[in-house]
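Q: Each chain, letter by letter, is given below.
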Amino acid sequence: MVYSDDGFGRYDELEAAIAAPGETWVHAAGIEPDELQALEDRLGIHPLAVDDVVDDQTRPKTAEYETHTFVLLKTVSLSQRDEVALQKEIQTHSVGFFIGEGWLVTMSTTDIDVVDQSAPQWARNERRVADRGTDFLAYRLMDAIVDDYFDVLDEIEDDIEAVEERVLDEPEPRILEDLNDVRRDLLAFRKVAWPAREAISSLSRGDIPEVADENEKYFRDVYDHLVQVVDLIETYRDLTGGSRDIYLNAVSQSTNDVMKTLTVVATIFIPLTFVAGIYGMNFAETPLAMPELYWTYGYPATMLGMGAVAGLMLVYFRRQDWI
Amino acid sequence: MVYSDDGFGRYDELEAAIAAPGETWVHAAGIEPDELQALEDRLGIHPLAVDDVVDDQTRPKTAEYETHTFVLLKTVSLSQRDEVALQKEIQTHSVGFFIGEGWLVTMSTTDIDVVDQSAPQWARNERRVADRGTDFLAYRLMDAIVDDYFDVLDEIEDDIEAVEERVLDEPEPRILEDLNDVRRDLLAFRKVAWPAREAISSLSRGDIPEVADENEKYFRDVYDHLVQVVDLIETYRDLTGGSRDIYLNAVSQSTNDVMKTLTVVATIFIPLTFVAGIYGMNFAETPLAMPELYWTYGYPATMLGMGAVAGLMLVYFRRQDWI
Amino acid sequence: MVYSDDGFGRYDELEAAIAAPGETWVHAAGIEPDELQALEDRLGIHPLAVDDVVDDQTRPKTAEYETHTFVLLKTVSLSQRDEVALQKEIQTHSVGFFIGEGWLVTMSTTDIDVVDQSAPQWARNERRVADRGTDFLAYRLMDAIVDDYFDVLDEIEDDIEAVEERVLDEPEPRILEDLNDVRRDLLAFRKVAWPAREAISSLSRGDIPEVADENEKYFRDVYDHLVQVVDLIETYRDLTGGSRDIYLNAVSQSTNDVMKTLTVVATIFIPLTFVAGIYGMNFAETPLAMPELYWTYGYPATMLGMGAVAGLMLVYFRRQDWI
Amino acid sequence: MVYSDDGFGRYDELEAAIAAPGETWVHAAGIEPDELQALEDRLGIHPLAVDDVVDDQTRPKTAEYETHTFVLLKTVSLSQRDEVALQKEIQTHSVGFFIGEGWLVTMSTTDIDVVDQSAPQWARNERRVADRGTDFLAYRLMDAIVDDYFDVLDEIEDDIEAVEERVLDEPEPRILEDLNDVRRDLLAFRKVAWPAREAISSLSRGDIPEVADENEKYFRDVYDHLVQVVDLIETYRDLTGGSRDIYLNAVSQSTNDVMKTLTVVATIFIPLTFVAGIYGMNFAETPLAMPELYWTYGYPATMLGMGAVAGLMLVYFRRQDWI
Amino acid sequence: MVYSDDGFGRYDELEAAIAAPGETWVHAAGIEPDELQALEDRLGIHPLAVDDVVDDQTRPKTAEYETHTFVLLKTVSLSQRDEVALQKEIQTHSVGFFIGEGWLVTMSTTDIDVVDQSAPQWARNERRVADRGTDFLAYRLMDAIVDDYFDVLDEIEDDIEAVEERVLDEPEPRILEDLNDVRRDLLAFRKVAWPAREAISSLSRGDIPEVADENEKYFRDVYDHLVQVVDLIETYRDLTGGSRDIYLNAVSQSTNDVMKTLTVVATIFIPLTFVAGIYGMNFAETPLAMPELYWTYGYPATMLGMGAVAGLMLVYFRRQDWI
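Chains as they are written, first to last, in my numbering: chain H, 720 to 1042; chain A, 720 to 1042; chain P, 720 to 1042; chain B, 720 to 1042; chain W, 720 to 1042.
Possibly wrong hints are sitting among the right ones.
Since copy identity is lost for identical chains, a pair holds within one copy or between any two.
[Said to hold, decoys possible] Pairs of lysine-lysine residues, derived as DSSO-like cross-links and limited to a Cα-Cα distance of at most 27 angstroms, are as follows: (1) Lys-910 x Lys-780; (2) Lys-910 x Lys-936; (3) Lys-936 x Lys-780.
Calculated from the structure, these hints are not laboratory results.
Turn these sequences into a full structure, and let the hints steer you where they fit.
A: Below, the structure written as structure tokens:
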């Protein structure tokens, strides 16, 4: 897709487009070898940089080349890991920006939503965008990518809140795994956002000749957003730590409650059972052996005694706040 | 609200006020589009900076523009999250300072108490404040904002102390949630105070042309306060960690106490019940089968034996410090 | 209290003292407004700096003014929080040093021991101290203040050791609170020592005109001491963490021991009680119903069997290291 | 092994090879004293640097010497610690690069796979590699070494995932040891990767005269890889922490489940046993002593009563979510 | 002890030795006041630096004086704290190096092994060492001191491994104290190694005039060793953390095992005892009251029923992996 002063066109116009006067934006989604060669020959785009775009492992960065500045950013999206609702996974796609004097080439291995949506928008008010230079074009795209980060963060926040509610409602071991998944997502996100912050920072500091002075403030704006993103990621990690503490405590607390129940029941009935056991002993009827067994009020007195013991214990447990 | 050499006035005097000689302070709470345009045209205030004021997510910062320096600070207040006493939430409101040569524009989306209270005060001793320049005016407002931080910190400290007392008095699971809420507040607060410190720091270092050399020490004072604020936040976070440890230990300790009670009662009565069970067995009267059942002193001896066993156990438990 | 080339004198000599030739040291404990004015007029001492001395919240710092350098340090002492031995609280008092050319003003809101003790000492060998300049005087006072830090640290170390011994001897919940108190003290101390280190550091780097080159090494010495103080504080915090681990483990261990006792007793007697229960059943005398009840050796065999079971269990528990 | 413009040769050609025109690469695996002397005399390689290669404890680093730049990297491999599958150990071998003008000496104490494999490859397309300089040769070797790091990391990731699965399937104490082993490996790896990053960083910054400007971007590429390696190591450490939490919780949870079972069974049967004990008491037949023993429906009523109690308790436990 | 170009001599030759041509090394172990005065007068050694050597609390550091550079290092050794094998304590002794042009004074309060051993060695090949300058002499001594650090670290590693084995073999509460002791040793060691690294770093950077350019690489070597030492200390601290986790888990695990035993035994026998209790009730012989007591197969059926219940429970526990 080529966007130039003359409007949009298909890829086969590349040569012409670059040669055309004015600002030119070329977006290449899915690159083929021979086209690559053309880009390298024509615009001096280094194969190592293209490798960085193709290799999904590369971290966002800014690198200066002779004819242009190369910026690598990553789009981030959350995809369902499987059917179960919470297991999401961070998906990243590299987008390479080659910002030259009067031209901008963006490159990706797949279709990127924010790029595809921007093109038609700009087609409508062509002149206005083009007049501000290809660095402004690059800013608009980067800004759209970084804005998407906030959507992903919102989604993660919703997940954390969902987990937090479950922690309070029905603590179950799965929660720890879910929290771990969220932490993993945040780690993966940070791995993208942290270097992106550095990459944009160098665009906003006036070191890059391809970025016009009056456009630097826009990159500073993107930089500020990325600082916020990194901040939020740290805050969210801290929050997952808090949820974990609450969950782990819920388990301890549950053990504690279970123990209390057992202790109350056992402590009341074990002594009483012992007393019943005493009167169940088969001692022969001698004067010293349990004469109360033969008294008229022996049984009621025993029962009352047992009841009194149980009552006292209940009072004690109540005081201990165990029941 | 416009405050100039000529005193206070309403907004429709903006044009005149700015044009008026001497120092001019304009405070705009709730900005409307057309007024915005006027500000931009007249004073060179950049729309991106105004966006920063309007967007509640932006972090405090200092940015230099051609005609002025822009400083974004945030007021902080604690609001009740709901009816329950402890659930408070940090509320922040952005206040933008545009410090130009001879003019100061402050901007916010809502009415800010410290600003509203400052204005009448200054109206009374107009000349004295105005003579020291708009940077001094800005300092006074910023200082008032930062002073409010300490009030909020005091409130948070009270909350922590309230939680600490409850930890010692009656440990209950809600405490962890309350501590988590306090930590959350501290995190949110730090997100405001940390960048604010950086923002003020650049005002106090002499880099900003709009700040007169003799006024820098005032900003250094504000900076010192913010360093203290950040320090206190860290200290308070550490304290919540200590409270959490004490609470978690209280749960362990409670489980331990419950267990001790159960163990003492069960360990004493289970063996005795066994003995009673022995004498409850229905062995036929043979010479080898429990002759003590038929002895005169069998029963009292058995009971004394049981009492002795129980006594020994009690001594043992006492030594173990379990009762 | 005024100490000048002419010896010591009372405050009313201030004007004369400052005017007197040679080095002059003025110590003001408890400042009154009109005296303040005199200081400001005569020596150019800024009200903001005086505020820093009066406000107990200000952190130690070094600030340069036109006529002098202002250094704020804090004395630290431990006071009993209440009757209970361990609850100590860090008490700090600000001491302000205004080091000018040929004069030194120290200021505090209360009497400071180290200052009061230094004066008479110096009075004795006046000439020698005075000859080395007011910066050397300031060093002597600062060194005395920092030396006191080590006494406080020694006291804190004693407290930690006392707690550690109690952790091993008789673990009780109060220990966690005591450890928390110590940590709180260390936090408060660090809040004093850390900025003090920075403040002295700038005195020792040769940036301050009021400090003679040949005296810088003395401030470097104080700086080294403060580095040690900060180091020790960190080490002590780490040690309190270790004590807390040992205590928390003592609780777990105690629960474990309690459980073992219960388990050993219950596991031995519950099965035996069941056996006794069996022979206590009232089955009618049929050929298949417990013929052993009517055998001569039935009872002894049963008892031996029970003893054997109990013995085997004891062996098992011994092997498990539970008894 | 000598690789020069004239192709490969054996070591005895060293003198000739170095003297030969064009680029020369000498790889020495296992160094002998007299050869060392030759290297030192001929190329100015310092004995201290050779010591660094021989001593396995030395950390990766870059050092500049008069005639060359010395870079020490380490190959990393995982070896089985013993028969048991998971106990792997990080093995490192030092590889020294001496990059001079027109010559490259690599040195190691053992045969290094990546070096041995590279040589024949390059032999095939000799000219092409040699033309780009010995610094490019060094890059190719370093890149191969660092690429191996990712294989090791993949292996470690597999190990972590294997442990994670076991944590969820069958938590057993060995898991903590295995996690500790993985952490130990990661610590050892980080000790290699962190300084290697710094070492390569100085090659890519243009400070080293032996690295041609046009080849710097290759070293920057290696640097980026090492940044990723360090990042992954940190992420993996964080993940092992998460697994440990899940495991420790599994133990707590298991204790909790065991307790619930005990509590449910004991709480139901202990009161019932008490009731049975009551009716087993041998009270003489008096009007007040258990008349229900002699009623026709006494027994069924008692049994029904017991069943009702048990049923109610089951309902309660069900509500508590214990069964 | 004086070592000069003319060989070794006793202290009374100090004056002559310093005056003698060529390199001079003076080692003073245990300094006396009048000798001190001589050193100060003759070589310009500052009393503050001597104080640093005498005061055992001073941290390693490098300080430049007019006539020489002062370096303070510390020897480290482990001494048995008491009879019990593991309780070792870090012992440190200060060694001061005063490196001047053509002379080296080392100073310590006690005899230092590495110094005492070096002297005779050098006496043998005098010329060779002396020719390389007193800075090389200093390097040799510092290197010997730092090499000793590794011996101490090896000893600490052995201790950690001994503890680790005990953690796995027989977990007992003392282990936590031992781990705490090791951590304490590591903290004390780090307090020596960290500043030593900084001190040596400044020797290796070419800032110090007394260190010849060609000898700087030797100090860089010492610096590398110290970096390793600090690294190992951190790694060992991490390992003690791992051991603590394993130990704490062993306690939880043990509680868990104890609970399982209790639960299995109690859960099997409590219901059975209840059944036995039922048949022990003294209900009068009515048609509805336990007719099975009078059936021929009543007893065997009951026993079989009990056995079946016990068997089912055992199967259940087996499935739960509790037995």
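Q: Indicate, hint by hint, whether the structure satisfies it.
A: Evaluation of the provided hints:
With identical chains, the CA atoms of Lys-910 and Lys-780 are at most 27 angstroms apart both within one copy (12 angstroms) and between copies (25 angstroms). For the identical chains of this complex, Lys-910 and Lys-936 are neighbours both inside a copy (25 angstroms) and across copies (22 angstroms), given an alpha-carbon limit of 27 angstroms. For the identical chains of this complex, Lys-936 and Lys-780 are neighbours both inside a copy (19 angstroms) and across copies (13 angstroms), given an alpha-carbon limit of 27 angstroms.
The structure agrees with every numbered hint stated previously.
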